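Given only the sequences and the hints, what does the whole structure look like? Please build it.
First to last, the protein sequences are chains S and P.
In this note's numbering, each residue's number is its place in the first sequence (first place is 1) plus 20.
In this note's numbering, each residue's number is its place in the second sequence (first place is 1) plus 35.
Just so you know, these hints were derived from the structure itself, not from any lab.
Computed from a prediction, not measured in an experiment: that's the story for all the values here.
Take these hints with a grain of salt, some might be off.
Said to hold, decoys possible - SDA-like cross-link-like pairs, simulated, lysine to any residue; straight-line CA separation at most 20 Å:
#1 S:Lys102 with P:Arg141
#2 S:Lys100 with P:Gly212
#3 P:Lys186 with P:Lys223
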Amino acid sequence: MSRAFKVLTFQAATLVSCGTMMLAVAAMTKAAPAPAAAAVAIGNFTFKSSVVTVRPGTTVTWTNGDDIPHTVVAKDGLFKSKVLDTGDHFSFTFAKPGQFGYFCSLHPHMTGTVVVKA
Amino acid sequence: MFDGDDTGRRDFLKCMAWAGTGALFAVSGGVSTSIGLDAALAAPLKRSAAATPFTFVQLSDSHIGFNKPPNADARATFREAIAKVKALPHQPDFIIHTGDVSQLSRDDEFDDADQMLKATGLPVFFVPGEHDMLDPDGGKAFLDRFRKGSKGAGWYSFDHRGVHFVALVNVADLKPGGMGNLGAEQLKWLKADLAGRPSSTPIVVFAHIPLWTVYADWGWGTDDSAEALKLLARFGSVTVLNGHIHQITQKVEGRIAFHTARSTAFPQPAPGTAPSPGPLKVPPDQLRSMLGITDAMFVRGHDRIALIDSTLTA
Numbered sequence: 021m022s023r024a025f026k027v028l029t030f031q032a033a034t035l036v037s038c039g040t041m042m043l044a045v046a047a048m049t050k051a052a053p054a055p056a057a058a059a060v061a062i063g064n065f066t067f068k069s070s071v072v073t074v075r076p077g078t079t080v081t082w083t084n085g086d087d088i089p090h091t092v093v094a095k096d097g098l099f100k101s102k103v104l105d106t107g108d109h110f111s112f113t114f115a116k117p118g119q120f121g122y123f124c125s126l127h128p129h130m131t132g133t134v135v136v137k138a
Numbered sequence: 036m037f038d039g040d041d042t043g044r045r046d047f048l049k050c051m052a053w054a055g056t057g058a059l060f061a062v063s064g065g066v067s068t069s070i071g072l073d074a075a076l077a078a079p080l081k082r083s084a085a086a087t088p089f090t091f092v093q094l095s096d097s098h099i100g101f102n103k104p105p106n107a108d109a110r111a112t113f114r115e116a117i118a119k120v121k122a123l124p125h126q127p128d129f130i131i132h133t134g135d136v137s138q139l140s141r142d143d144e145f146d147d148a149d150q151m152l153k154a155t156g157l158p159v160f161f162v163p164g165e166h167d168m169l170d171p172d173g174g175k176a177f178l179d180r181f182r183k184g185s186k187g188a189g190w191y192s193f194d195h196r197g198v199h200f201v202a203l204v205n206v207a208d209l210k211p212g213g214m215g216n217l218g219a220e221q222l223k224w225l226k227a228d229l230a231g232r233p234s235s236t237p238i239v240v241f242a243h244i245p246l247w248t249v250y251a252d253w254g255w256g257t258d259d260s261a262e263a264l265k266l267l268a269r270f271g272s273v274t275v276l277n278g279h280i281h282q283i284t285q286k287v288e289g290r291i292a293f294h295t296a297r298s299t300a301f302p303q304p305a306p307g308t309a310p311s312p313g314p315l316k317v318p319p320d321q322l323r324s325m326l327g328i329t330d331a332m333f334v335r336g337h338d339r340i341a342l343i344d345s346t347l348t349a
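Structural data, given as structure tokens:
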């Protein structure tokens with residue numbers, strides 16, 4: 021949970037009568053619904069959530085549910101997991117906004133994207 | 036038994052009939068899936084006086100370390116495959132292993148495979164599969180053990196009794212969204228390797244991932260294989276042997292015969308018949324009928340390559 025979000029929530033609570041502020045909070049919630057932790061399951065040789073949208077500071081965790089090992093490798097080299105055998109997981113925290121494509125370096129037809137939006 | 040044209044052929048076919056206790060597959064000039072022995076000769080070759088008869092065996096996808104359904108012990112089935120090789124009445128000159136030697140590139144997995152293969156007393160020529168590239172250095176453990184002195188990611192060539200063998204690596208530096216990949220450096224090497232060789236030279240190319248597109252949705256192909264095949268097109272006889280997909284597929288295109296081998300560890304589904312290419316979880320009593328080895332024969336006077344696939348049950 022980011023600091024900005026907490027502050028806004030506090031303000032919203034203390035300004036119950038302020039309709040516009042409530043709307044602002046609602047709009048923000050809508051724009052970035054994902055919590056500070058997000059999960060991507062790997063199964064059937066796919067990243068189950070091929071696009072996940074998160075806020076900056078969110079830690080994304082991939083877990084391999086296949087009987088075959090996979091990896092999670094950023095296209096731009098930002099992150100690279102070791103090989104994930106069945107049940108293994110890999111986490112990466114996305115500090116900055118942007119669009120981060122990744123793939124499995126063993127089965128490169130497996131691709132996914134993490135969208136980080138403030 | 037390989038001497039003399041007619042006698043040789045008869046004996047050869049008898050030999051194939053023996054081997055045919057397993058599944059017998061033929062790669063011939065046309066679209067042939069017939070089991071008939073007359074059709075069981077491989078892609079037509081130009082006569083090449085230099086080629087003398089011999090056999091070699093292809094093993095593939097041993098996945099040493101794999102221990103999940105449908106095979107709790109991939110070491111045991113690899114040992115059975117090797118016993119099958121040792122029991123062949125005509126001993127092969129050598130073995131090729133078309134990759135995925137290990138499940139996770141662990142030292143103990145490589146070591147066990149190495150020891151089991153060394154017990155055959157036969158030379159073994161390897162190419163890595165993607166499972167052999169999983170050490171922190173991206174394939175160094177495999178190359179140090181099995182392909183010291185090879186070029187780039189592990190490619191090389193050699194000649195054996197008039198046949199030119201080319202080992203290609205299409206599991207290194209894979210591109211997002213792509214399939215297998217040879218890369219510019221390897222293609223450049225291949226061009227130089229083939230240059231100057233007479234077109235009558237029989238060529239055998241082996242690599243892990245199929246060098247033609249078997250099924251793109253599962254990545255069963257090699258993005259830049261067309262460039263390699265272009266370099267091979269002038270040769271009278273080209274046989275391409277691959278693994279990776281754990282089942283037999285075959286195709287003939289011009290003078291190039293393509294063939295994929297069974298795994299010795301676990302079968303995979305036919306293209307598009309399952310949600311994913313993961314292991315086919317067959318019942319224990321069926322497993323060994325879906326694992327096997329490939330025996331390749333060059334016969335003088337016929338100048339054709341016969342590929343005989345047999346299962347671990349045969």
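Outcome of the hint check:
1. S:Lys102 with P:Arg141: 13 Å, holds
2. S:Lys100 with P:Gly212: It holds: about 16 Å lies between the C-alpha atoms, which stays within 20 Å.
3. P:Lys186 with P:Lys223: At roughly 12 Å apart (the allowed maximum being 20 Å), P:Lys223 and P:Lys186 satisfy the hint.
Consistency note: the structure conflicts with none of the earlier hints.
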